Amino acid sequence: MARPSARTFRFRRRNLPCEAEQTLAATLSAQGVRILGRSIRYHRPRAPFCGVGYCTQCLVRVNGVPNIRSCTYVPAPGDAVGTENGWPSVDRDLLGALDWLFPHGIDTLRGFRRPAAFRGLYHRVIRSLAGYGRPPTPPARPEPRAGERIDTELLVVGAGPAGRAAAARLASAGHQVLLVDRGPLLAPPPQARARAGTTVTFLPAPDPGRSPRFVATGLGADGTPVLLRAQTVCVAAGAYDGGLLVPGVDRPGVLTASGALSLAGPQGEPPFPQAIVFGGGARAGELLDRFGTHVAAAVSPGAFAPEVAARAAELEIPLYPRSLLVEIRGRRGVAAVRIQGRGGGPEQLLPVDAVLLAHCRFPNGQLFFQAGAQMDWRGSLGAYTPVLGPGFETSVPGLFAVGEAAGFEPGSPAEASGIAAAEQLLEGTTPSVLPARAEPGRPSEMAGYYTELLRRRAGRGKWILCACEDVLLQELEEASRAGYRGLEEIKRYTGVGTGLCQGRFCLPAAILLLSDLEHRPPSEVGYIRQRPPVVPTPLGTWARMPEETG
Amino acid sequence: MSGEPRDRYAVVIVGGGIVGLFTAYHLARAGTGPIAVFERGFLSSGASGRNGGGVRQQWETGATVALAREAVAAWRRFPGEFGFNPYFRQGGYLFLAESAAELAQLDRVAATVRAAGLPLERLDPRAVARRAPGIRTDRIQGASYLGSDGTLYPFPAIWGAYEAARRLGVDVFLRSEVTAIDSEGGRVLGVRVGGRRVAADRVVNAAGGWSGELSRRAGLSVPNVASRHEILATEPMKRFLDPMLIRLSDGLYVSQTMRGELVGGLSVPHPPGVVPGPPSSIAFLRRMSASLVDLFPNLSGLNVLRAWAGYYDDTPDGMPVIGEDPRLRGFFHANGFGGHGFMLSPATSLRVARSVLGERTDLDPARFGPARFLSPGRAMHAEHLQPG
Numbered sequence: 013m014a015r016p017s018a019r020t021f022r023f024r025r026r027n028l029p030c031e032a033e034q035t036l037a038a039t040l041s042a043q044g045v046r047i048l049g050r051s052i053r054y055h056r057p058r059a060p061f062c063g064v065g066y067c068t069q070c071l072v073r074v075n076g077v078p079n080i081r082s083c084t085y086v087p088a089p090g091d092a093v094g095t096e097n098g099w100p101s102v103d104r105d106l107l108g109a110l111d112w113l114f115p116h117g118i119d120t121l122r123g124f125r126r127p128a129a130f131r132g133l134y135h136r137v138i139r140s141l142a143g144y145g146r147p148p149t150p151p152a153r154p155e156p157r158a159g160e161r162i163d164t165e166l167l168v169v170g171a172g173p174a175g176r177a178a179a180a181r182l183a184s185a186g187h188q189v190l191l192v193d194r195g196p197l198l199a200p201p202p203q204a205r206a207r208a209g210t211t212v213t214f215l216p217a218p219d220p221g222r223s224p225r226f227v228a229t230g231l232g233a234d235g236t237p238v239l240l241r242a243q244t245v246c247v248a249a250g251a252y253d254g255g256l257l258v259p260g261v262d263r264p265g266v267l268t269a270s271g272a273l274s275l276a277g278p279q280g281e282p283p284f285p286q287a288i289v290f291g292g293g294a295r296a297g298e299l300l301d302r303f304g305t306h307v308a309a310a311v312s313p314g315a316f317a318p319e320v321a322a323r324a325a326e327l328e329i330p331l332y333p334r335s336l337l338v339e340i341r342g343r344r345g346v347a348a349v350r351i352q353g354r355g356g357g358p359e360q361l362l363p364v365d366a367v368l369l370a371h372c373r374f375p376n377g378q379l380f381f382q383a384g385a386q387m388d389w390r391g392s393l394g395a396y397t398p399v400l401g402p403g404f405e406t407s408v409p410g411l412f413a414v415g416e417a418a419g420f421e422p423g424s425p426a427e428a429s430g431i432a433a434a435e436q437l438l439e440g441t442t443p444s445v446l447p448a449r450a451e452p453g454r455p456s457e458m459a460g461y462y463t464e465l466l467r468r469r470a471g472r473g474k475w476i477l478c479a480c481e482d483v484l485l486q487e488l489e490e491a492s493r494a495g496y497r498g499l500e501e502i503k504r505y506t507g508v509g510t511g512l513c514q515g516r517f518c519l520p521a522a523i524l525l526l527s528d529l530e531h532r533p534p535s536e537v538g539y540i541r542q543r544p545p546v547v548p549t550p551l552g553t554w555a556r557m558p559e560e561t562g
Numbered sequence: 009m010s011g012e013p014r015d016r017y018a019v020v021i022v023g024g025g026i027v028g029l030f031t032a033y034h035l036a037r038a039g040t041g042p043i044a045v046f047e048r049g050f051l052s053s054g055a056s057g058r059n060g061g062g063v064r065q066q067w068e069t070g071a072t073v074a075l076a077r078e079a080v081a082a083w084r085r086f087p088g089e090f091g092f093n094p095y096f097r098q099g100g101y102l103f104l105a106e107s108a109a110e111l112a113q114l115d116r117v118a119a120t121v122r123a124a125g126l127p128l129e130r131l132d133p134r135a136v137a138r139r140a141p142g143i144r145t146d147r148i149q150g151a152s153y154l155g156s157d158g159t160l161y162p163f164p165a166i167w168g169a170y171e172a173a174r175r176l177g178v179d180v181f182l183r184s185e186v187t188a189i190d191s192e193g194g195r196v197l198g199v200r201v202g203g204r205r206v207a208a209d210r211v212v213n214a215a216g217g218w219s220g221e222l223s224r225r226a227g228l229s230v231p232n233v234a235s236r237h238e239i240l241a242t243e244p245m246k247r248f249l250d251p252m253l254i255r256l257s258d259g260l261y262v263s264q265t266m267r268g269e270l271v272g273g274l275s276v277p278h279p280p281g282v283v284p285g286p287p288s289s290i291a292f293l294r295r296m297s298a299s300l301v302d303l304f305p306n307l308s309g310l311n312v313l314r315a316w317a318g319y320y321d322d323t324p325d326g327m328p329v330i331g332e333d334p335r336l337r338g339f340f341h342a343n344g345f346g347g348h349g350f351m352l353s354p355a356t357s358l359r360v361a362r363s364v365l366g367e368r369t370d371l372d373p374a375r376f377g378p379a380r381f382l383s384p385g386r387a388m389h390a391e392h393l394q395p396g
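Respectively, the protein sequence lines represent chains A and B.
Residues are numbered in my numbering as their position in the first sequence, beginning at 1, plus a constant of 12.
Residues are numbered in my numbering as their position in the second sequence, beginning at 1, plus a constant of 8.
Hints were generated in silico from the structure; no laboratory data involved.
The model shown is predicted, which means the values in this text are computed figures rather than measured ones.
Beta carbons: idealized from backbone N, C-alpha and C, even for Gly.
There could be a bad hint or two in this list.
To be verified - Stretch-level coverage of chain B by chain A, calculated; a stretch enters the list once three of its residues show a Cβ under 8 Å from a Cβ in chain A:
(1) 59 to 69
(2) 208 to 220
(3) 241 to 253
(4) 303 to 309
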């Protein structure tokens, strides 16, 4: 065992090195630590999945504070890191027997009712099992930082291609611009103020009688509260890699594209010997480039983009176009995947130890929902995006939507949308050539995918629809059969979408499933009003948030 | 449910929240003839699906204590009777006083509650710390605690009441807003829904935050005011807090649910009136979090997962309005619950149903009847213990 030093943090009984900029999840993965937690209901093993701090699968306890996302947390020397919700440990958790004892799930709505004399006992047992981490212990931390209030003429949320382009254009025209981003912000545009490591968490609908119109909250580094006031807001919050409904999707070793990229780091060894990539578009291509010979095969729900097919041919990676991912096998990790051609093609078992999901990206639309912007369903994305007027202004005056968050293709179309919105703000004119936006109504490759998958209904394990709350597919189906309709009722009936990811990884699938079950288009299934905050935000941060006025 | 409403119902209930559904259930059990419930949104879209799930028997007026006591017994029976488990957990309610005036209020509550035969306990700060580990007690001067108070999950209660009512033949129409009340010569004739007339001799206004507006659509002036209240939920933790806590100084209420989240609210001023999908506010998140961290300094690092809002249906005296409106025969009030409608609903809806059936109830009209607001200047029996 290494001796404790100023350059290590403590994980269970080990001292592990603090590498510059390396996240806790990446460090632990490099050290061979796989299982970081256990799921809330069935105590299934949990390991990093999304890599961007949204999902519930890599929560650890750091310095007495529960539910720290290890995929975004960079450990500091001296940190004490522990795992939670496993007994005696997350590796060997006796409560994992719950998964085995209840192969068809636990009916919490109707269950635990009889005999009435046992209800008090049931309540005590359920309460002692519920929850993820133990409550925070007395803080051994420095005094929290005071809140900051920043006024700006224009606020640009997100420093991807679109946000940077908009900020650069507006700042070069002499406007006061603040560009904020969740992550690090390399080389901010000249003349624009920039703030890295700050998530905009809440953008209430503007008060028309107030100046400045918009008051938003932000979560800065180390929990610093930031109040942002602006006359105009341009949201370029980007998109995230979505999840998939398939038995075994919650197994350690199943990662979204961003999860895989984050866990491996920019140059590091991939955290798996052999993976399959699920998806046939540009995002899948990125994974082939990054992981090369560590990719055993690529499987796509639709066709492969020509450049992806060409890259795969160079690397001699076999391609399975128009295929269903029928089952992910394995218990403490991925052992194999079963795939089948769509329309009844042959079935195959591919032995792999990781599954990388790169089949869809969903726009980060929370701020538009919060601000009260009118949204519409985009079939080609399988998600809601804001209705846009000239120059990419939403139905909320002064609120603009650009880039992937607004449904523009990533890369140059997204960038062009940022420039176009800036031009509109500067000149009041709409550019003649507008970048392409995902068309409403054009079905995506995922449309009909679940219909076909569920007709086959193969796979032995649980169909976990929501990995945050361990909600099963059958619970959604039963709710629908019982006559509950629409996403709002189904959410409250099943708990789908109420977990820590705020529905990011289950609701897109739930909408498609309900569309089938209710025999109506996805746009009529409805959406869930996205509730603030955009990411879970500490009570202490809210408590020190500066006043909106003054 | 799908399908078209009939042309005539014996009773039309406006509002598919817990009060409307329970009332429909009791009426159907009594066999009144066809009953329809019209709900403007989806099931649980109003305050019934947005409340904090508290059920308490600590009140300033004996009339409310009696109703609450009956409600507690009914919530205990609910899983057996309705087939759904709302996990009614009797972890107690702990009211915290931080000033002499607040202590005096708890004295009044204690007298009323003990007079009803309930074993209310007065706690000193040390006993408070035993009931609520981690709480900061330096400003707490005293508390009152009743162990048979508790919390529940609203949703299974709604599903249970909804399915039970439907099993008894009640037609429940969702996304069906009642736009007008038809009446003639001081008698109700029916309602208008989606441009069509639905005839009924008896109409129940159980519209929660929308009830003032509905009464006005019936041509009645009522003092009900909808006020927006906000709630937040944190990420779930392992169990540490059993009772619901109420801080009288700022109206904070918070409890830990069966899932382990802290759920609670605190009132910040908002303009009156209703809008669909009431929004949250930065002011609420700041004040609520500050109050919670002030009480439990260790929770500073705990994450707020989401915040939402709903409407109270407030009356000038803080008491509900139950009974037939003397100005419009056949128009029954089941509203004005001021944020306590859900917890009391098993007891109140039974009395609403009885009054619709023309039976006498044990409710004092001077405290609960709609006529009490019609003679100005009359002394009211106000209920001041409002938070939670």
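Taking 8 Å as the C-beta cutoff, is the stated coverage of the stretch 241 to 253 of chain B by chain A satisfied by three or more residues? This one holds; 7 residues, not fewer than the three required, reach chain A with a Cβ under 8 Å.
Test coverage of the stretch 303 to 309 of chain B by chain A using CB-CB distances below 8 Å; three residues minimum. Since three or more residues must qualify, the claim that chain A covers the stretch 303 to 309 of chain B holds, with 5 doing so at under 8 Å.
Do three or more residues from the stretch 59 to 69 of chain B put their C-beta atoms closer than 8 Å to C-beta atoms of chain A? violated (count 0)
Given that the stretch 208 to 220 of chain B was listed as covered by chain A, double-check it with a C-beta distance under 8 Å for 3 or more residues. violated (count 0)
Checked against the numbered hints given earlier, this structure breaks hints 1, 2; the rest are met.
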